[in-house]
Amino acid sequence: MSYAYLFKYIIIGDTGVGKSCLLLQFTDKRFQPVHDLTIGVEFGARMITIDGKQIKLQIWDTAGQEAFRSITRSYYRGAAGALLVYDITRRDTFNHLTTWLEDARQHSNSNMVIMLIGNKSDLESRREVKKEEGEAFAREHGLVFMETSAKTAANVEEAFINTAREIYEKIQEGVFDINNEANGIKLGPQHLPSNANTPSGGASASQGGSCC
Amino acid sequence: MSNSDSDDDEFESADEGDESTDESCNEEECTSTGNISAVQTGLSNVKEEISKEADEEKPIAAPKLIGIVDTPNNSDIPLCLSEEFPHNKELQDVKATSVEDQIVLTHEIPQSGSTLDKVHLGDAQAHQEDKKNETTELQENVPTNFDTDSLPKAVVETIPSTEEICEDVQVPSQIVNKTSTTRNISNRGKVRSKPTLGAKKLGAVKLSQPPESPNPALSKTDSKEIYKEAITSSAQQASTSSNPNPSDDGWGWFAPPKSLMSSVASLTNQILSTVENGLNIPEPEDLAKEDMLFADKKCPEVEEQVPKQPAQEEKTAGFTQLSLFGGVSNITKFVENTGSSLFSTGLDTLELLGKKTIDVLQQSDPGLKRTKAVLANPLHGSQDRPCLSQILREAKEISEVASTDSTSATGASESVTPKFSALFELHNGIVHLEALEMLSQQCQNRVAPQIRRLPSQRKAIVDEIAVLCSRTDDTEDNDCANSDMLDLQALEQNLSSCFDRISLELSLKKLMNAFRDGMSDSVEDSSSLEVYRRALDSLALVTSLVVELFHKGAELILMASKPSNPAVGARLEAETFQSVTNVLAAEISKLGSHHANKIIWVKDADHTNYSTDIYYEASNCRSYLENALKLMIPILQSRVF
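Taken in order, these protein sequences are the chains called C and Y.
For what it's worth, UniProt numbering labels the leading residue of the first sequence as 1, then goes sequentially.
For what it's worth, UniProt numbering labels the leading residue of the second sequence as 1, then goes sequentially.
If you're looking for bench data, these hints aren't it; they were derived computationally from the structure.
Be careful, since some hints might not be right.
Unchecked claim - Listed next, the in silico EDC-like pairs over lysine to aspartate or glutamate satisfying Cα-Cα at most 16 angstroms (straight line):
1) C/56 with Y/473
2) C/56 with C/181
3) C/186 with Y/434
4) C/170 with C/51
5) C/151 with C/122
6) C/53 with C/166
7) Y/630 with Y/434
8) C/151 with C/124
9) C/56 with C/124
10) C/186 with Y/425
11) Y/630 with Y/437
12) Y/510 with C/36
13) Y/630 with Y/473
14) Y/509 with C/36
15) C/151 with C/28
Note that the coordinates shown come from a computational prediction; the quantities given were computed from them, not determined experimentally.
Looking at chain Y on its own, in the form it has when it is part of the complex (with noise of 0.2 angstroms):
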C-alpha cells in the first residue's frame, strides 16, 4: 500500500465515522451493512497500519482502549441485537463485526484527528474518491442483503411504536445528553446553525451517493426510504422505525466513546424522557431550519456538500470538545479527537432523527405553522403544552387518512371519477333549488303569523298539505309505476295532464328531451367509467330539470291569480305536486335501472361497483325531489289564504 494510499484510508475512516450513522440512520438494514462490510474491507487495509501507527503514536494508549472498548460491547451490543431485531440475518454481520469495528475505530482515531485538516483541504477530491470505493464495496453487498419490497415492512414490523423506539433510542442515551448540553449551549444563540450543517451534511453524504453510484439498489435506497416513504402511511412508522437501526449501529459505533465516557460522565437512566426531550426540538428557528433543508434537500446538495463538510466537521471538532471535555484533562487529545469524532457523528445521528421527526410533521403540517404555535415558547405553559410525540401521533393519523384517501381515488379513476354533486351542480340543479329554497324562505316569512288567525278549518287545510308535500311513496301505484320500462309519451302526458288540472304553463320540453338522450345513448364503444360518468350525468340532469320545475311552478304559483276557492285550489295543488314528485321519482329510478344495466353490458372489471354506484344515485334523486317538494310547502301554503 503506497503512502498516498493509506492517507485516503485515514480519510475514509474518518469520513466513516459520519456516514455509518449517515446512512444507519436511513433506517436502512442494507446500507448500515453495506457500510459495515465495507469498513469490515476497509479493515485490513486499517488494521495492517494499526500495527504501525500504534508504535509511532500512542504506543501505550491503543492497545488500553481496545481492552476497555471491547469488554463492554462483547457482553451489550450482540444482546441487544439479538433482541430487537430477531429478523435481520444482516445483524449477524453487524455482530460479528462489531468487536472488529471497535477496534478499528480506535485506532483509527488519532489519524482523524491529526488528518482533520488534510481532510478539510483534499476534501472534495478525496471524499470522491472514498464514495466511490466504498460503492463498489457497497454494490457488493447491497443486492444480496437488500430486498426493495420486503425491508420497510421488515422495518416496521420490528418496531410498531413510538415507545419502543424510544427504548432503542436509549441506547446512546449519553449521547443524547451531550447533546441536549450542545442545544442549550445554542439555545444562547452561538452555535446554533451547527446542528443544521450537520443534518444537511448528512444529508448530502447521503445525496452524493446516487449519482456517483454505479448501483441502482442504493440510489433506490435514499430516494424510497426518505423521501417517498415519508410520503406513505407509514411515514411515521418508518421513520421511528428508522431509530432502532441507527441506534444500533450506533450502538457497535458508539459502544467505545460509551465506555469511555462512562468513565467521564456518570451513567443516566432517565433515557426515556431524555429521549423525548431530544425529539422534542422545540425552537422555531430550530424548526424553520429544519424545515429549509427539508425543501432543499431534494436536488441542491450534491453540488453543496462537498464545500460545506469540511467547516462542519472543523466547528464540531472543536465545539465538542470544549463542551463536552474542556473539564476532563487526564484524557488525552487521542481521546478527545475520538470521542469528537463520535459525537459529531452522534449529534448527526440525532439531526436525523430531527430531520425524520419534521418530515413526518411536515405531511400534516405544510407550512410547519401549527407545529411551530405548538411548541413556541418551551420554557412557558409546559404542562398544557403538547409533547411532540402526540403531535407526531396526530400526523402520522392524517397521513394514514389521507393515504387511504388517495389510494382509493386513485384506485376508482386514472381519469376524474365523476361526481353526482358536480353535475348536479353544472345543470343548475343547486341553484334553482337555492333559489326555490330562497322563495319558500319568503313564503314561510309572510305565511307564519297568519296561520295562528286561520280559522280552524282553513288551518286543517294547511296542516294537510305540510302532510302531502312531505310524505311521498316510494312504492307508488300510480299509471307509470307498472311497467319497467320507461314510457315517455305517457309521462308527458300524465305531467302535463297533472298540470293542467292545476293551470300551470310548465314547459316539459327539456326534461322530456332529457329523458329521452338518457334513454337512447349508445355504450358500444365507451369504456364502463364513461357509461357510469354518462348515467350519472343523466340522473343529474333529469334530476336538475325536475327541481328547475318546481322552481318554476313555484314561481308561477306564487304569481297566478287566487282559485276562485283558495281551499281547494291549494290542496289540489299540493296533491298535484306530490303525485309529480311520485311520478317523477319513479321514472328517475327507472332510467337508473336502465344506466345499470347498460354498464353491465360493458366488458369491464369495474361494472358491479358501477352499477351499485348508480342505483344508489338514482335512489339519491328521489331525496332531492322530495326536498324540492318540501320546500314547496310554505308556497302552498300561502295560496290558502
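One chain only, chain C, in its complex shape (with noise of 0.2 angstroms):
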C-alpha cells in the first residue's frame, strides 16, 4: 500500500470510446465487451514502479456523455495526467478531439501530460481514422500519440506507464510542484520522514570500508 507518489488521472473522450474499457484492462487486466453507461465519474487504481519508485495511479474516468460535460469538467482540477481517447473506427470522436482538449487544458493545470490514445486498434478493418492523423494531431498539440486496443490490451500498460513516466521526468526536472496537490500529485507514505528511522545504511555503510 505505501507509495512514493500518487499521479490523478482524468480519461477523457466521447461516449463509447472505450475509456471504461482502457481503465478496467490497466486495473484489472480483463475486457468487459458491455459496459455501463459511466454516470459522473468511477474511480480505478494501480500501482506502477517508475525509476524504482512506487506509483499509485488514480484514475478518473469520466462519463463521456455530453449531458454529464458540466460535471466532469469540474474533475479535471488537479490532474497531473490525462488520456484523451478516440475510437479509431469512428471518425467523429477523432473530429471532437479539438473540443475535448480545448476543455482539458482550460480546466486543468497547464503542466498536465496529455496522451492522445486511439483505442479500439484490434478492429483494423472498421479503421476509420489513419494512425497517421492521429499522430499529426498529437505532434501539432503537443500531445503524446498511441493506438490501443483495450480489447487485446495492445499498448494500453504502456499508455498509463509512459504518461506516468513523463509526469515522472517533470518532476526531476522541477516542473511539477510536488507540494502543490492541485497538480494532481501527492506525496505518498514513502515521503513521509517516519521513514528517516530506517537503518542509516546507505550512503555511510559505502564509506565504511574506506575509513580506518
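Since each chain sits alone in its own frame, please combine them into the complex, following the hints.
Encoded structure:
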C-alpha cells in the first residue's frame, strides 16, 4: 500500500470510445465487451514502478456523454495526466478531439501531461482514422500519441505507464511542484519522515570500507 | 616466568592502558571490573617484575612516583566512587585495587614506553594472545558481576541527568583540557585523523574480543550496550550514564597522571564548561568521521584493528609528547611516556564519549545533516547556536517518542494492524469524497453570489437546506432504529422509497451486498486480529459505498431537470438526504456492534481492545457520512434557483 507518489489521471473522450474498458484492462487486466454507461466519474487505481519508485495511479474515468460534461469538467482540476481517447473506427470521435482538448486545457493545470489514444486498434477492418492522422494531431498539439486496444490489451500498459514516466520526468525537472496538490501529485507514505528511522545504511555504509 | 612471558606481560600492561578506558567507556561496570580484576590478576606478574625493573632502569624514580600517586588516590578516588556509585558492589573492587593498579601503572609504563616499538611489530600476535588471557580471566569475573537486565537500569538510575555526567566527567578535567588543546591543533588541519583513529581503535579492540572470547556474556556486553541500547528510549541516558563509569575508572587509572600533571599544569575548575566543550564536537569533518565510524563499526573492525593500532599508538605518543610535555624539560622521558600513554587513554575516553554522542544524535538525525548544519561555523554566531547538550536532549525526546510508538505498534500487531483510513481509501471512499467536494466547491462558487439576490422566501429555503444537512440526529426515531438487528430488506425498501420520492435512480445493489457480507461472514476459524481486520474492512467498505451513493446522488441531482417547484423540491431532497444519512449511520452502527460482538466470541486475549476499537470506528463512520451530507449543501441549494 505504500507509495512514493500518487498521480491523478483523468480519462476523457466521447462516449463509447472505450474509456472504461481501457481502465478495466489496466487495473484488472480484463475486458468487458458490454459496459454500463458511466455516471459522472468512476475510479480505478493501480500501483506501478518507475525508476524504482512505487507510484500509485489514481484514475478518474469520466462519463463521455454530453449531459455530464458540466460535471466532469469539475473533475479535471488537479489532474497530473490525462488520456484523451478517440475511437479509430468512428471519425466523429476524432473530430471532437479539439473540443475535448480545449476543455482539458482550460480546466486543468498547464503542466498536465496529455496522452492521445486511438483506441480499438484491433478493429483494423473498420478503421476510419489513420494512424498518421492521430500522430499529426498529437504533434500539432504537443501530445504523446499511441494506438491501443482495450480488448487485446495492446499498448494499454504503455499508455498509462508512459504518461506516468513523463510526469515523473517533469517532477525530476522541477516542472511540477510536488507539494502543490493542485498539480495532481501527492507524496505517498514513503516520503514521510518516519522513513528516516530506517537503519542508516546506504551511503554511510559504502564509505565504511575506506575508513580506518 | 620466562623471558617471552614477561614481554607479553609488558605488552599486556601497555595495552591495558587503552583497554581499561576502552571498556570502562563501554558503560559496563562488569567489563571495567572484569578488566580491573584482569589487571589485578596480571598484577602479581607485574609486581614481581617491578622490583627487577625498578632496579634495572629507574631505581630512584619509581618509588618516588608511587609516593606521589598514592597519596591523592587514596583520599580522592574511593570517596568519589562511593558517592557516585552507591549501588555498585563492583566498585568495592575498584576501590580495593585502585592503589595497586596505580602502582602497576607507574611501574609498567617504562616498559610500555620502551617496548612500544616492539609492540607495534609483534602486535597482531601478541595482541591476540593478550585478548585470550584477558578473556579467560574475564570469564571468571563477568558472570558473577554481570546481570544483563539489571545493569542498564542500574546505570540509568545512578546517573539520570546530563548535568550529573558533566560533574562526573570533571574528574579527568585536565585530560579534557589537554584534549581540547589537541583539538585546537587538529583544527589547523594537521592531525585531524588521529582522534578518530583512537576511537576506531577503541571500537576495534572492543569488537575484537567477542569472536575470540569463549564468553557469551562479553559479546552480549558489546552488542547490547553499544548498539542495541543506543536505539532504545534510554539511549541518551545510557550513553550519558556511560560517562561516569569511564571517568570513574579513569579516575583510578588517571590518578597518577593527574597528580603528575598537577605539578606540570595548573588546576582548573572550569570543569563543567570544559566538559561541555569537550562534548561539543563542532567540526563537520569530525562529525562526518564519526559518522563513518558509526556506520563502520558494525562489522569490519575486527579485521582492521590489528594493523591500524600500531600506527595510531605511535602517533598518539609522539603527539602528546610534543603538545603536552614539550615545555617540561625536567621531567624524565619515563614520565613523558607515562603521561603519553595515559593521555592516549584519556583521549580515547573522550573519543568514546564523542562517539556515543554521535550515536545518540544519529538516532534522530540519520545523516547528521541537521546537526552539522546547526554546529557548523563554531566561531561565528556562537551566541544563538544551540549547544550540543540541547540537541542531545531533543534527540533523546525524539527517540523516546519513537520507541513508545514502535512498542505500541509492535504490541498491537505481529502482522499489520489494519487502519480504517487505509481501508477507506482502498475502497475508493476517499476519492468519492474528494470528487463530491469538487462538485460541492464548484456549486458553492456558482451559488454564493446568487444567494444575495434571492427573494427572502427562497433565501429561507436555502438556509433551511443548510440547517437540515448540518444536523443529524444520533438517536433518530426512524423506522429501522427500533430493532437492534439489521434488517436488510427493510433498509433497502426504506432507502429505495426515499430516493424514489426525489426521483433519483441510485443503485443500492453494491451497498446492500456489502451490508449482507458484513453480517454473514463466519468467524469460527479466525484470530481476533483477523476478525478485527474484517470488521474494519466491512465498515470501511459500507462507508465508502455510502459516500459513493451520495456522490452519485449529487451528480444526478446536478443533471436532473429542475423540479416544477424548485423550493419545495430542493427542500425535499435535503430532507431525504438527511434521513438517508440518519438511517445509514444507524445501520452502520449496528453493523459495528455486530462485529464487536463477534470478536468477543473469539477466544483471544485482545478482544476487549478490538471490540472497543470497532465501536469507535463505527461511530467514526457516522462522521464520514455527516461530512458527505454537508458537502451536499451547495448542490442542493443550487436547485432552488
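Okay, the hints, checked on the actual structure:
1. C/56 with Y/473: Not OK: residue 56 of chain C and residue 473 of chain Y at ~38 angstroms, beyond 16 angstroms, violated.
2. C/56 with C/181: 14 angstroms, holds
3. C/186 with Y/434: Given that 16 angstroms is the threshold and the Cα spacing comes to 14 angstroms, the pair holds.
4. C/170 with C/51: 13 angstroms, holds
5. C/151 with C/122: 7 angstroms, holds
6. C/53 with C/166: 14 angstroms, holds
7. Y/630 with Y/434: 13 angstroms, holds
8. C/151 with C/124: With Cα atoms ~13 angstroms apart, residue 151 of chain C and residue 124 of chain C stay inside 16 angstroms; holds.
9. C/56 with C/124: 33 angstroms, violated
10. C/186 with Y/425: This hinted pair holds, its Cα atoms lying about 14 angstroms apart.
11. Y/630 with Y/437: Judged against 16 angstroms, a Cα distance of about 10 angstroms means the pair holds.
12. Y/510 with C/36: 15 angstroms, holds
13. Y/630 with Y/473: 14 angstroms, holds
14. Y/509 with C/36: 14 angstroms, holds
15. C/151 with C/28: 12 angstroms, holds
Violated hints, listed in ascending order, are 1, 9; each of the other numbered hints is respected by the structure.
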